[in-house]
Amino acid sequence: MADVVQLQFTEATEDELWRHGLRLKDAIDVLDEGDYRTFSDHSRPPRRYMIGHSRGGRLLTLVIEPADDTGTCLLITGWPSNKAETTLYSRSGGSKDAGKPGETTH
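Just so you know, we're using our numbering here: the sequence shown kicks off at 57 and counts up by one.
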C-alpha cells in the first residue's frame, strides 16, 4: 500500500468517531503529524490500523481502508489507543523494517 496521503470520510464516520470520544480533526491530525505507523488487519483485509498522535498528544488508533493506489484511504473509525496498541506503536520504533510483516512506519 502506498503511504497514506489523504483520508476520506463520511458523515457516518464522524458519528462513529464521536461515539469513541474523537472528533474528525483528531483523526486528520494523525495524518498531518506524520509520525504514524500502519499495521495490517489480517482479520479484515484490506483494512489497516493507523496509529499515531493527534496534535494534542493523544495516541489514536484509526481503522482505514485503501480507496485507490495513490494513498487515499477511507477512514472507517478510530479510538484512543489501548495498551496493546500503544505497545505495538512503541515497538515499531520508527524504522520501515521494524515490527511484524505488513507494517509500515512514517
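FYI, nobody ran anything at the bench for these hints, they're computed from the structure.
C-beta atoms are modelled at their ideal positions from N, C-alpha and C, and glycine is treated no differently.
Fair warning: there could be bad hints in the mix.
To be verified - What follows is a set of in silico ranges between Cβ atoms, one per label pair, in the way DEER data are often shown:
(1) 136 - 65: 27 to 37 Å
(2) 99 - 143: 25 to 35 Å
(3) 67 - 149: 17 to 27 Å
(4) 149 - 74: 17 to 27 Å
(5) 71 - 149: 16 to 26 Å
(6) 142 - 88: 34 to 44 Å
(7) 66 - 149: 26 to 36 Å
(8) 146 - 66: 12 to 22 Å
(9) 62 - 97: 15 to 25 Å
- May I ask which of the numbered hints given earlier this structure violates, with the numbers listed in increasing order? 1, 2, 3, 4, 5, 6 and 8
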